[in-house]
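*Asks:* Chain by chain, the residues run as shown.
2 protein chains.
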Amino acid sequence: MRELPLSKVYQLIEPGPVVLLTTAHKGRANVMTMSWHMMMDFEPPLIGCIVSSSNHSFAGLRATKECVIAIPAAAMAKTVVAVGNCSGRNVDKLSRFGLTTARAEQVASPLIAECFANLECRVTDTRMVNRHNQFVLEVVKAWIDPTQKEPRTIHHRGYGTFVVDGETIKLKSSMP
Amino acid sequence: MRELPLSKVYQLIEPGPVVLLTTAHKGRANVMTMSWHMMMDFEPPLIGCIVSSSNHSFAGLRATKECVIAIPAAAMAKTVVAVGNCSGRNVDKLSRFGLTTARAEQVASPLIAECFANLECRVTDTRMVNRHNQFVLEVVKAWIDPTQKEPRTIHHRGYGTFVVDGETIKLKSSMP
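Protein chains in written order, with the numbering used here: chain P, 1 to 176; chain R, 1 to 176.
Just chain P, same shape as in the assembly (with noise of 0.2 Å):
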C-alpha cells in the first residue's frame, strides 16, 4: 500500500461509503462495519463517527482510543455484511471472513489488506461519547492501494439495500 497525504483524506470519507473499523484490544483484534460517518475538518482530517456502546468494538475504540477505517470496494460487499451481521464478543471476525491484516505504523488496530484504503485514527475528542456514542477521530497516517483502480464503494440504504457507485461527474467548483 502506497501513503496518502492526509490532505486528500476527506476524499474518500466525504462522500459516504460502507466502511469497515477495526480494533486492537486485550490482545484480540476485532472488525465491524460502519456507515454513520463524516469529516469534520480537512487537515489533520477530524472524523466524526457513532459506535453503539451495545457494538463489542465501542469498549476497545474508549479503552485503546485507537483504530483503523478500512474502505472496502463494491467486490467485498458480501463480507461487508456478514461482518455486521455478527459480533467479535462471539467470534473472530478478520479470521472468519478470511480478511487480511497488516500492521499499522502509528496504532495498534490491523490495516485489512483486501481494502484500498485505510486510515490509520486516534480518539481525540470523547465529550460526545456518553451522550451520543459520539467519537471524533484523528487521522494521523493513510494508505491506498495503488492496484485498485478506480474502486467502487457501497452506500447503505437500510436491510442490506445498498447502493454503488456509478458515473463520475465533473463541474467546475471552487468549493474543496
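If you're looking for bench data, these hints aren't it; they were derived computationally from the structure.
Mixed in with the good hints, there may be bad ones.
Identical copies go unnamed one by one, so any copy, or any two together, can satisfy a pair.
Claimed, not checked - List time: in silico SDA-like cross-link candidates among lysine to any residue, alpha-carbon distance up to 25 Å: (1) Lys149 to Ser7; (2) Lys149 to Leu6; (3) Lys78 to Thr101; (4) Lys172 to Arg152; (5) Lys78 to Leu6.
Take the given structure of chain P and dock chain R to it, following the hints.
*Replies:* Then chain R, alone, in the frame of chain P:
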C-alpha cells in the same frame, strides 16, 4: 409532497448524499450545499452536521435553531455546485438559481420543491458548535416527492467531482 415516516429518514441520509440546507433568519431565507453530515440515531432521527462558521448560514442556524435538509437528485448537480460557489451574504440564492420554495410545517426554513426529499429539522444539541462547528439536528417532519421515481443522488469527491448512484444490490442482512 407526501409525508415520510420518521423511521425511514436514516435510509436517505446514511448513504452520504450531497444535500442542500435552508435557513430563514431576519426575514431572509438562504440555502447552502453540504456534504459533512451523518446519522446519529434512528428515531427520532438525529443528524450531525458541520456548518463552518465562515458560512453565511451558520449565524441563522445558530440563532433560529431550525433548518431544512433538502436532498437533490443528480439532475440538479449543476445547481448544487452553483449554490456552493456563492454566499448568501451577497446573493439571494433561492431566487438566483430558480429554486421553488414551499412552506414547511414545523419550521420557518423553506422546503425546496425540486428536491425529492425534504427534512424539517430542529437543532437539539449545540455543545459541539464552538469547538467543531457541529450541530445536532432532530428531524421533526419528513417529506418525499412520490413523482420522482428512484432518484439517483450525488456524492462529493472534492473539487467539483461527484459520483452518481449506480446499481442497487440487495444482500441478506439483519442490520436495519
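*Asks:* Each hint should be assessed against the structure and marked as holding or not.
*Replies:* So, going through the hints one by one against the coordinates:
| no. | hint | result |
| --- | --- | --- |
| 1 | Lys149 to Ser7 | within (20 Å within a copy, 37 Å between copies) |
| 2 | Lys149 to Leu6 | within (20 Å within a copy, 38 Å between copies) |
| 3 | Lys78 to Thr101 | within (18 Å within a copy, 42 Å between copies) |
| 4 | Lys172 to Arg152 | both (23 Å within a copy, 20 Å between copies) |
| 5 | Lys78 to Leu6 | neither (29 Å within a copy, 28 Å between copies) |
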